[in-house]
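S.K.: The primary structure of each chain is shown beneath.
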Amino acid sequence: MRQKAQPLTFVLVHGSWADAGFWDGVAAELRKQGHTVYAPEYPGHGADYKNTTATHAMMSKAVADYIQNHDLRDVVLVGHSFGGSVVQKAAEYVPDRLKRIVFIDGFVVKDGNSLADELPPQTAAFFGELAKQSGNGTVMLPFPFFRDAFLNLAPLDVAQKIYAGVKPEPGGPFTEKLDLKKFYALQTPKSYVYLYQDNVLPQGENYSWHPHMSSRLGQFRLIVGDADHMTYFKTEPKKIAELLYMAGRD
Amino acid sequence: MRQKAQPLTFVLVHGSWADAGFWDGVAAELRKQGHTVYAPEYPGHGADYKNTTATHAMMSKAVADYIQNHDLRDVVLVGHSFGGSVVQKAAEYVPDRLKRIVFIDGFVVKDGNSLADELPPQTAAFFGELAKQSGNGTVMLPFPFFRDAFLNLAPLDVAQKIYAGVKPEPGGPFTEKLDLKKFYALQTPKSYVYLYQDNVLPQGENYSWHPHMSSRLGQFRLIVGDADHMTYFKTEPKKIAELLYMAGRD
Amino acid sequence: MRQKAQPLTFVLVHGSWADAGFWDGVAAELRKQGHTVYAPEYPGHGADYKNTTATHAMMSKAVADYIQNHDLRDVVLVGHSFGGSVVQKAAEYVPDRLKRIVFIDGFVVKDGNSLADELPPQTAAFFGELAKQSGNGTVMLPFPFFRDAFLNLAPLDVAQKIYAGVKPEPGGPFTEKLDLKKFYALQTPKSYVYLYQDNVLPQGENYSWHPHMSSRLGQFRLIVGDADHMTYFKTEPKKIAELLYMAGRD
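Listed in order, the protein sequences are those of chains A, R and U.
Each residue of the first sequence is one higher than the last, beginning at 1 in UniProt numbering.
Each residue of the second sequence is one higher than the last, beginning at 1 in UniProt numbering.
Each residue of the third sequence is one higher than the last, beginning at 1 in UniProt numbering.
Incorrect hints may appear among the rest.
Pairs count within a copy or across copies, as identical chains cannot be separated in the list.
[Unchecked claim] Within a straight-line C-alpha distance of at most 20 Å, the following computed SDA-like cross-link-like pairs (lysine to any residue) qualify:
{"id": "1", "residue 1": "Lys238", "residue 2": "Asp226"}
{"id": "2", "residue 1": "Lys99", "residue 2": "Asp148"}
{"id": "3", "residue 1": "Lys239", "residue 2": "Asp226"}
{"id": "4", "residue 1": "Lys239", "residue 2": "Tyr196"}
{"id": "5", "residue 1": "Lys110", "residue 2": "Pro95"}
{"id": "6", "residue 1": "Lys99", "residue 2": "Phe145"}
{"id": "7", "residue 1": "Lys110", "residue 2": "Gly204"}
{"id": "8", "residue 1": "Lys99", "residue 2": "Gln160"}
{"id": "9", "residue 1": "Lys4", "residue 2": "Thr235"}
{"id": "10", "residue 1": "Lys167", "residue 2": "Ala39"}
{"id": "11", "residue 1": "Lys99", "residue 2": "Phe146"}
None of these hints come from the bench; they were simulated from the model.
Only chain A is shown next, with the shape it has when bound in the complex (with noise of 0.2 Å):
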């Protein structure tokens, strides 16, 4: 383990409910392992925030155009959450800049489903209920939900404080039907980095980051780590670090 870190070029693209500050601390600890890393914003998230109509399809457009525009290469394409999803697009856009792609705690969509095809289906449908209270289509978590299940390892002070920074999510991408033929069809070598405390969708057989989604994936490399969905990006950015690259590693 004490083999020096092999340079890397990581393309980091977050979920819903972050923007790409979100990457902010993880991406400090992968340079200073020596690593060359971007956290691409995309359409609806970010300074774009107020743009609540912002498709998936934007969004991995958005994300793919990136990495052409910045002629990336070698590519080690990592999506979080709902990142997940737009990775998988994304890959299909640019697959010869990729080296490979990970998903960490990300979704792994099925061909022709929607992100909420995915979900249990009362949480799908709580979902939709936000979406039509907001009168603007756009999803805002209630704090007690955000807290018990995407930051339940966080002190409360640490969750309020995260909370805060939380922007309304557009919630057209949530129902829109993915074609991900070619993804599936794609060679690139694949690694799954599980968080085994996250709760965001219940563990086990049906709905679980993983073996459920991952195993969509047919080969692919496992890492296991012990994290909930979002507390340690933020309170132990390094840990985070340590498994995106075992994760990306050749």
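Keeping the supplied structure of chain A fixed, place chains R and U upon it in accordance with the hints.
M.R.: Coordinates of chains R and U only, in the frame set by chain A:
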């Protein structure tokens, strides 16, 4: 993680083949952190262990009465193992006094089921056979079973010492059907602490503590710990106390 | 946990794409703790690797003969991976010499099944294809598969070094149907060490080391470790030795 602990009021409810003293080490650690801790005894256990005909209804009523008689408020009510089912029923009596209900590898019995209905058929039959053999309806587990199933991480001498204090368990409550409609209507926040080396119930989909029984709670905060069913409550009480705090805090 | 180690007699049985030297580091650590350790070679492996037509029956008989010829008693018989199935059959020959049977991410084959019957169909087909291509019925795994599936936690140089020593595996034993009625009637205590980063078999319900195959043992002692299928046997032998001791002691 350096945040000062929020002082909580814990009521700790032990399981089968145990008594209130089961919590001594964990309670001491929680008190050291500034928490207020109660560990009520209930019929058929501790000094009352000769009361072999104690019922599940008597046990859960005793815990509810304890909370009421001590006029406890904002209680974090914790149930371990069989104590999970006791906590389910006790919560129905005193919902307004509870801040959160925490299960730590505790039974979350389905409405209308008995404890035995939640066990693999061969285990339920084994317990039934032991109850018959005892002559007084109690169930005493043979050491090899107890050692491998409840204390798998313990050195032999620790396992022997714990087993030496075990009293036969009243068998009636295992087959008592429980009406849990009120419990399942409670809006009280819930947490589930899952100990991943616990093999008392078969791990996986059909009978497991988690995700099988935990998922009945609907939305809940998950905390996962590296422990078996009983050993670390005795040998690593600080670890268990930390898990309970993470499960119980706001 | 400070108890002095109980001296045990281990017989360590390696798996496929390995030989008795696989255990060198683990055996050295166990001996340091005061245990007696044997790591028998069996046909088709080690110096006998050119014996490409070795059968499963020959392999398990060789292990049983080894135990008998060395007049070993109170043996903790350990099987890793394919070695699990070897241990199942060997145990049928020498039940009175065994203290406990320990599987460490080892196959627990169902009575009447072959190893291939326990693999996901696509993996079984992949192995069958490799056996056909080799011209002599042996199966050699390509490096990218071996690296991601067997050595997911290893740095690249460690993975390459381990792979450099791998010999093609006789393919016949994968499809040999095993009569295991005697094994399943044995009253010998059993343990299962499950390594939770092991993705050689898909995790979850249908094909997993644990809980899928482990549950066939009936009552067993579970020990869970943080490791993949092979890496830590080489790089962290002390950790593996500790798991085996916890699984094997009284």
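S.K.: All hints, please: hold or fail.
M.R.: Hint by hint, here is what the structure shows:
Proximity of Lys238 to Asp226 under the C-alpha cut-off of 20 Å is found in both arrangements, the shortest distances being 13 Å within a copy and 19 Å between copies. Taking CA atoms no more than 20 Å apart as the test, Lys99 paired with Asp148 passes between copies only; the shortest distance there is 14 Å, against 35 Å inside one copy. Proximity of Lys239 to Asp226 under the C-alpha cut-off of 20 Å is found in both arrangements, the shortest distances being 9 Å within a copy and 15 Å between copies. Proximity of Lys239 and Tyr196 under a CA criterion of 20 Å is satisfied in both settings, with 14 Å inside one chain copy and 18 Å between copies.
Proximity of Lys110 and Pro95 under a CA criterion of 20 Å is satisfied intra-copy only: 19 Å inside one chain copy versus 42 Å between copies. Taking the shortest alpha-carbon separations for Lys99 and Phe145, only the inter-copy value of 16 Å comes in at or below 20 Å, while the best intra-copy value is 37 Å. Taking the shortest Cα distances, Lys110 and Gly204 sit within 20 Å of each other both inside one copy (17 Å) and across copies (19 Å). In this assembly of identical chains, Lys99 and Gln160 lie within 20 Å of each other by CA distance solely across copies; the values are 19 Å between and 37 Å within a copy.
When the C-alpha separation of Lys4 and Thr235 is checked against a cutoff of 20 Å, the pair qualifies only between copies, where the shortest distance is 16 Å, while the shortest distance within a copy is 25 Å. With identical chains, the CA atoms of Lys167 and Ala39 are at most 20 Å apart within one copy only, with a shortest distance of 18 Å there and 43 Å across copies. Only between protomers do Lys99 and Phe146 lie at most 20 Å apart by alpha-carbon distance; the minimum there is 18 Å, versus 34 Å within a single protomer.
Hint violations for this structure: none, all hints satisfied.
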